Amino acid sequence: AQSVSQHNHHVILSEAASLELGCNYSYGGTVNLFWYVQYPGQHLQLLLKYFSGDPLVKGIKGFEAEFIKSKFSFNLRKPSVQWSDTAEYFCAVTPNQAGTALIFGKGTTLSVSS
Amino acid sequence: DVKVTQSSRYLVKRTGEKVFLECVQDMDHENMFWYRQDPGLGLRLIYFSYDVKMKEKGDIPEGYSVSREKKERFSLILESASTNQTSMYLCASSLPSGQGNQPQHFGDGTRLSIL
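Residue numbers (my numbering), protein chains in the order written: chain A, 76 to 189; chain B, 43 to 157.
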C-alpha cells in the first residue's frame, strides 16, 4: 500500500533559523506531491505542489520543496522561518491517475519562538 | 476562490446516535473527500466520491457511510456513533486528476464529540 512518512513529529526553531522538513513516499509510479499547512484554528491550505517539470518548486510565503525521484523524497525548506510559520505541516501524495485520493503523512508540528 | 462549507464547526452527540455531517462545495468539482484528523495520525481518508452517486472506500470506512445525491454535496454518516469516532472531520473537493491534477481544497472541519 502507498504511504507517506514525515520524519519529524515536532520541530522547534528560533526565528531566522533555516527549516527542512523531510517527506518520503512509497509508490513506484508517477506521483503528484503536495505540502499543506494548517495554522492554529484554520483550515488546511496548499503551500506548494509538484506535478512535473522542474523538481524544485516554490510555494507561498517563501517555502520551497525539492522532488528527488531516486530517493522518493519531497522535502520542504525555508531559509529563514518566522514566528508566523508556527503551524502543522502535512506532506501528501497521490498517484497520477484518475479516481485517486491524497495520501497524507502524519504531520509535523513546527513551533517558532520569537 | 473555492469554498468548501461544512455544516457544523462543533457537534456533540451521544453513543448510538445516527450522525450526519454535511459538506457543500461551490466550484462544480467532481471529486469530494471525507477525512478524519487525529493527533499523531495525520489525515486518514474515510470515503471519497468522483461523481454523483459514486463512492469509494478509503483507508478507514468502517462505521461510516456516505451519500452523494448532488454534485455539490457530500454527506458523511455515522450509522451508530461510538466514542472512538470522536475526532475532527475534514471535507475536501477537487477537480478530477486528469484536469491538470488540481489540488484538494478543504473545509474548516467539524469537531465531533461522541459522549
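Hints may contain errors.
Stated by the list, open to error - Stretch by stretch, here's where chain B covers chain A in the computed footprint (C-beta under 8 Å, at least three residues):
1) 88-102
2) 115-126
Claimed, not checked - Derived DSSO-like pairs: lysine-lysine, alpha-carbon spacing no greater than 27 Å straight-line:
3) B/Lys97 with A/Lys146
4) A/Lys146 with B/Lys113
5) B/Lys95 with B/Lys60
6) A/Lys124 with A/Lys136
7) B/Lys112 with B/Lys95
8) A/Lys124 with A/Lys144
9) B/Lys95 with A/Lys181
10) A/Lys181 with B/Lys112
11) B/Lys97 with B/Lys113
12) A/Lys133 with A/Lys144
13) B/Lys112 with B/Lys45
14) B/Lys45 with B/Lys113
15) A/Lys181 with A/Lys144
16) B/Lys113 with B/Lys99
17) B/Lys112 with A/Lys133
18) A/Lys133 with A/Lys181
19) A/Lys136 with B/Lys99
20) A/Lys124 with B/Lys60
21) B/Lys97 with A/Lys181
22) A/Lys136 with A/Lys146
23) B/Lys112 with B/Lys99
24) B/Lys45 with A/Lys136
Claimed, not checked - Computed list of chain B residues with no C-beta within reach of chain A, every gap over 10 Å:
25) Glu98
26) Asp150
27) Ser155
It should be emphasised that the hints constitute simulated quantities derived from the structure, not laboratory data.
Just so we're clear, the structure is a prediction, and the values are computed from it rather than from any experiment.
All C-beta atoms, glycine included, are put in the ideal place defined by N, C-alpha and C.
| message | Does A/Lys136 sit within 27 Å of B/Lys45, going by the straight-line distance between their CA atoms? | response | holds, 22 Å
| query | Any Cβ of chain A at or closer than 10 Å to B/Ser155, or is the non-interface label fine? | reply | Answer for B/Ser155: holds, closest chain A Cβ roughly 17 Å.
| field | Restraint check for B/Lys113 with B/Lys99, where alpha carbons must lie at most 27 Å apart | value | Satisfied, since the Cα-Cα distance of roughly 18 Å is no more than 27 Å.
| field | Given hint B/Lys113 paired with B/Lys97 - CA-CA distance at most 27 Å | value | holds, 12 Å
| Going straight from one Cα to the other, do B/Lys112 and A/Lys133 come out at no more than 27 Å? | violated, 36 Å
| query | Under the criterion that the straight-line Cα-Cα distance not exceed 27 Å, is the pair B/Lys112, B/Lys45 satisfied? | reply | holds, 16 Å
| query | Hey, B/Lys45 versus B/Lys113, does the alpha-carbon distance stay inside 27 Å? | reply | holds, 14 Å
| request: Starting from B/Lys97, check that the Cα of A/Lys146 is at most 27 Å away, please. | output: At roughly 34 Å apart (the allowed maximum being 27 Å), A/Lys146 and B/Lys97 break the hint.
| Given the proposed pairing of B/Lys95 with A/Lys181, does the C-alpha separation stay at or below 27 Å? | Not OK: B/Lys95 and A/Lys181 at ~30 Å, beyond 27 Å, violated.
| query | Does the alpha-carbon distance linking A/Lys181 and B/Lys112 stay inside the 27 Å limit? | reply | violated, 32 Å
| task | Compare the distance between the alpha carbons of A/Lys136 and B/Lys99 with 27 Å, and conclude whether the hinted pair is satisfied. | result | Not OK: A/Lys136 and B/Lys99 at ~35 Å, beyond 27 Å, violated.
| query | Given the proposed pairing of A/Lys133 with A/Lys181, does the C-alpha separation stay at or below 27 Å? | reply | holds, 22 Å
Comparing the model with each numbered hint stated earlier shows that hints 1, 3, 4, 9, 10, 17, 19, 20, 25 and 26 do not hold.
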